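Q: Residue numbers (my numbering), protein chains in the order written: chain A, 1 to 69; chain B, 1001 to 1609.
If you're looking for bench data, these hints aren't it; they were derived computationally from the structure.
Accuracy of the hints is not assured; some may be wrong.
To be verified - Taking lysine to aspartate or glutamate pairs in the DMTMM-like style, the calculated list, with each CA pair at most 20 Å apart, reads: (1) A:Lys6 <-> B:Glu1292; (2) A:Lys6 <-> B:Asp1294; (3) A:Lys58 <-> B:Asp1294; (4) A:Lys58 <-> B:Glu1292; (5) A:Lys58 <-> B:Glu1249; (6) A:Lys6 <-> A:Glu68; (7) A:Lys58 <-> B:Asp1229; (8) B:Lys1607 <-> B:Asp1229; (9) A:Lys58 <-> B:Asp1211.
What you are looking at is a predicted structure, and each value in this text was computed from that prediction instead of being measured.
Here are the chains, one letter per residue:
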Amino acid sequence: MAQGRKGQLNYRCPRCLMREIDMDMLYDADQAEYYCLRCSFVGDEQEVLRLNAQFRDKYRARTIRITEF
Amino acid sequence: MTAFYVNIVHRPEMVPEYLQKEAEQGKVEDLTRRAVLQESLDIFRTQQQIAHANGLRTTIQMTYASLFNAEAVALAQEHHARFGDEIGLTFLGLQCAEFREKFKSKELAIWLFSLEDKRRIVDELFGKFFEVFGFYPTSTGSYYLDAELVNYLKGRYPQVKAAVATCWEEGPKAYWNANNSWYTLLDGGPWNPWIPSRRNIHCPASDEADDIGLVAIPHLSRDLMAVFDGPGSYYGTHPQNILRGMAYEGRELPYFQNLVDQYRALAQYNRGYAYNMMFVGPGWMSKSGRWEADYAFLLKSYQAGLAYYGELKQQGRLQDLTLSEFADVYRQDRPYSRPECALWRDILYGSRRQMFWYADPAMRFCLDMNQGGAMVDLRPYAAKLIRPCGVGTKANQDASYPFLVQSLYRAGYFTHYAGEGAVKSCKIGHGGEQVDLCTCRTQASFSEAGDTRLVTLEPVTLEFEAFSVRVQSEFRLTEGSGEVEIIRRVLDSTRPDAELSIDEYLTGCYGTTEYPEDLTGVRLSLKNGSASEAIDYAYQCREAELADVQCVEAVIPPVDTRLSLRADGAASGYFREGFSFSPMYTLGIKKTLRGQGELRTWLKVAKAS
């Protein structure tokens, strides 16, 4: 197995992120996948991006400009 | 007339942790790595340029390392002369080759050194600053500055008038968020500037004798709802924090402006005064990107944030002050007894939830309107706990101010089918039925009557098997009283002859973390005109009740606090001891009525000794 290295961006583990734990992942260039040292997440960049989008869904007002307080 | 003051703070942090960590990938530690020093300085320069381009002045807080860097010093001097920026001194960014050589320590947090080392470091940094600039700074800061450190600093350098002194609600949540490796255990302070007590930095000073001698600034202005239940480093006036929390979509983050505007709106609860601060170190704008964001996005978010402040300034809606200028302005109109109030609304999750935050020299508390106005956080500032932190102290890394109630750390209304959680609420009963107001969502409004602040909740309807009643809650906060007056008013009933019980209760504990503390020795007592009852807590499920109660109280020695409830008129009082699986105590006052009526009680926190 190849040595895990930091990816181009510091992708955090999306599964740990769901628990609000910031855990940088390592990238396995041979397998072209990220993996987490804390939980058992493994996935390619598309999978990370898909889960990150899911994480953002909880912010239902994230695109709304609120002007009345 | 309202005033919205903003502090923009930049620090030339020569060896920021994040940049250093990146540069170290696959290499051994080198605090003099040229690439890191230069990138950091470039980012600092960029931040300054963005602020000035938007017509904003800054406070440049020099780090120890930057005092050895001629370019950083020259930049600070130039910006002071040209733009009127203040040159201050921060205890962040301590680590550099010179520090390592002098102090032989890898410690990065000033508050975690021994008191003896803190003193040496204060003198070294202030001395070096004077050597470089020829004057002493009037503002300083860190993520946290403990009272013992500030007392020493003020004794030696009395000209210091402002300090970044805590990170709001960075405690166990921040620790957990950072994979249990970030030791900013600092829960329990105010969210907006305050004049601290000389006994504990978290507590607002009671009077001049208690005044520590500077105005404390919280590190960032944070979302008072999202941060109560989430990491502090996700939701604040720090654009890269918002990226870290992923509270954006498609490279747009309206949340930042919403946050600023909600802080501006706090003027309506604070006699026309509102405040914001932004404090971003270079490490957050790493050229190689951070938090899934590339450098272009990091930069854009910072530019957009300062552009919004600049726009508000142009419109005459914002005053950009340096930290020391702000301290002067703040003290001009700030009686010690004046509370800080915030009726905060959700601006992130799309709910209508509100929380009311209150802080004065006696206490800090939070009411959650999603739980019928239940008190979900209570900190006994009146105790003014002397609680040193750092090496050689009992607290060591745990610099939080203790709570008596914290519903997220200690369950609150919902427990897993056994025992009770920490919360202050009210139960309305009829026969064998009982409804806790925690289950009745509502909305609140704020008003003032002289020196009394009122939080009035919209009535809620409670449904019993055969009838329903409408109940309204009101919280009255009279400045300087050290009490919370709580009125539970039964407005009407569909069966006016039905007897109702109103049970105002507080289930409490104490601590700074999620884990239980030993309640042995907590004294629970109550008395009326002719009798009294008291027990020392021993996990034995004991209870006592007296009619026509005068006072129900708990004395909690580990936090030197006396917590009491009293009522007006005829009511009975009770206390209830918990057990090991439910390490809580409950104090309550109750009465019965038919049709309409109210129960009025007062909650007080006082120093026990």
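Q: Name the hints, by number, that the structure is in violation of.
A: Result: hints 3, 6, 8 and 9 break, sorted rising.
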